[in-house]
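*Asks:* With these hints in hand, go ahead and build the complete structure from the sequences.
Chains as they are written, first to last, in this note's numbering: chain L, 12 to 126; chain D, 2 to 116.
Everything labelled a hint here was simulated from the structure, so no lab data went into it.
Treat the hints with care, since some could be wrong.
In silico SDA-like cross-links for lysine to any residue, where the CA-CA straight-line distance does not exceed 20 Å [stated by the list, open to error]: (1) 121/L with 103/D; (2) 69/L with 89/D; (3) 121/L with 99/D; (4) 60/L with 99/D; (5) 60/L with 89/D; (6) 121/L with 10/D; (7) 80/L with 102/D; (8) 121/L with 89/D.
Computed beta-carbon distance windows for the label pairs [claimed, not checked]: (9) 4/D with 37/L: 46 to 52 Å; (10) 27/L with 71/D: 48 to 54 Å; (11) 50/L with 55/D: 28 to 34 Å; (12) 75/L with 79/D: 39 to 45 Å; (13) 14/L with 58/D: 20 to 26 Å; (14) 58/D with 75/L: 44 to 50 Å; (15) 10/D with 77/L: 50 to 56 Å; (16) 25/L with 29/D: 24 to 30 Å; (17) 77/L with 39/D: 38 to 44 Å.
A few chain L residues that face chain D, going by a derived Cβ cut-off under 8 Å, partial list only [to be verified]: (18) 53; (19) 60; (20) 62; (21) 64; (22) 72; (23) 73; (24) 74; (25) 118.
Note that the structure is a prediction, hence the values are computed from the model and not measured.
Here a beta-carbon is modelled for each residue, glycine too, at the ideal position from N, C-alpha and C.
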Amino acid sequence: AQSVAQPEDQVNVAEGNPLTVKCTYSVSGNPYLFWYVQYPNRGLQFLLKYITGDNLVKGSYGFEAEFNKSQTSFHLKKPSALVSDSALYFCAVRDIEDSNYQLIWGAGTKLIIKP
Amino acid sequence: DAGVIQSPRHEVTEMGQEVTLRCKPISGHNSLFWYRQTMMRGLELLIYFNNNVPIDDSGMPEDRFSAKMPNASFSTLKIQPSEPRDSAVYFCASSLWSGSTDTQYFGPGTRLTVL
Chain L
12 AQSVAQPEDQ VNVAEGNPLT VKCTYSVSGN PYLFWYVQYP NRGLQFLLKY ITGDNLVKGS
72 YGFEAEFNKS QTSFHLKKPS ALVSDSALYF CAVRDIEDSN YQLIWGAGTK LIIKP
Chain D
2 DAGVIQSPRH EVTEMGQEVT LRCKPISGHN SLFWYRQTMM RGLELLIYFN NNVPIDDSGM
62 PEDRFSAKMP NASFSTLKIQ PSEPRDSAVY FCASSLWSGS TDTQYFGPGT RLTVL
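*Replies:* The following block contains the structure:
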C-alpha cells in the first residue's frame, strides 16, 4: 500500500537559518512526489514535484527538494528561511505504476520561522 | 488564468439543512477533486472525476454526501442533511491528466460550519 509520512508535526527555525521539512514515502513502484504549501485560510499551493531525472528539484519561493531512492525520502529544503515561509507544508506521492489518479497525502508539517 | 473558483467561501447553516458547494475548475483541465480538511483528520480525498465521470467516490463519508460534474466547467458537492460533524474546509482541485502525471491546483476552499 502507498503511504507518506511527515514525521514532524512542527518545525521551528530561526530566520536566516536553513530549513528542512522531512518526508518519507512507501510505494510498490516508482514514485511521483509533490510538495504543497498552505498559508492560513488559503488553499494548497503547488511548490515542486519530482517525476524523473535530477534528484534535486527546484521549486517556487526558493525551495528545493532532494529525492533519495535508497532512503525513500523527499525532504524539502531552503538555504535561508524567511518569516513569510511560516505555513503548513504537505508532501504527497503517487505510484507511477498505479493508474489511480489519487495522490496520497502526508499529515502536514507546520513550519514556524522566528524572527 | 483565474484559477480554481469555489463558492461560497463561507457557509453557516443549521443541522438538517441542505448545503451545496460549487467549483469551477481551471479551463482545459480534465480532472477534478473534492477534498475535506479538518484538524482531526487532516486532508481527505472525497471523490474525483476524470472527463466529468466519477472515478472513485470511496472517500465520500456516507450517503448524505453526493457530487456531480454535469460539464467540464462545473461541479457541485451536496450534503443533505447536514450535521455538525460535517463542519470543515472543503477544497476543490483540478488538474490536466496527461496519462503519466499531473499537478493539482487547489481553490481557496469553502469553510462550512454546521450548527
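*Asks:* Hint by hint, say whether it matches the structure.
*Replies:* Hints and how they fare:
1. 121/L with 103/D: Status violated; Cα separation ~25 Å.
2. 69/L with 89/D: Distance of about 33 Å is beyond 20 Å: violated.
3. 121/L with 99/D: Status violated; Cα separation ~32 Å.
4. 60/L with 99/D: 15 Å, holds
5. 60/L with 89/D: 27 Å, violated
6. 121/L with 10/D: 24 Å, violated
7. 80/L with 102/D: 19 Å, holds
8. 121/L with 89/D: Holds - the C-alpha atoms of residue 89/D and residue 121/L are around 19 Å apart, at most 20 Å.
9. 4/D with 37/L: 46 to 52 Å: 32 Å, violated
10. 27/L with 71/D: 48 to 54 Å: 51 Å, holds
11. 50/L with 55/D: 28 to 34 Å: 30 Å, holds
12. 75/L with 79/D: 39 to 45 Å: 41 Å, holds
13. 14/L with 58/D: 20 to 26 Å: 21 Å, holds
14. 58/D with 75/L: 44 to 50 Å: 36 Å, violated
15. 10/D with 77/L: 50 to 56 Å: Between residue 10/D and residue 77/L, where Cβ atoms are some 37 Å apart, the hint is violated.
16. 25/L with 29/D: 24 to 30 Å: Violated: the Cβ-Cβ distance is about 43 Å, outside 24 to 30 Å.
17. 77/L with 39/D: 38 to 44 Å: Because 31 Å falls outside the window, the suggested range is violated.
18. 53: 6 Å, holds
19. 60: Given a least distance of 6 Å, the restraint on residue 60/L holds.
20. 62: 6 Å, holds
21. 64: Since chain D brings no Cβ nearer than about 13 Å to residue 64/L, farther than 8 Å, the hint is violated.
22. 72: 16 Å, violated
23. 73: Since chain D brings no Cβ nearer than about 19 Å to residue 73/L, farther than 8 Å, the hint is violated.
24. 74: Since chain D brings no Cβ nearer than about 15 Å to residue 74/L, farther than 8 Å, the hint is violated.
25. 118: This hint holds: residue 118/L lies near chain D, its Cβ roughly 5 Å from the closest one there, short of 8 Å.
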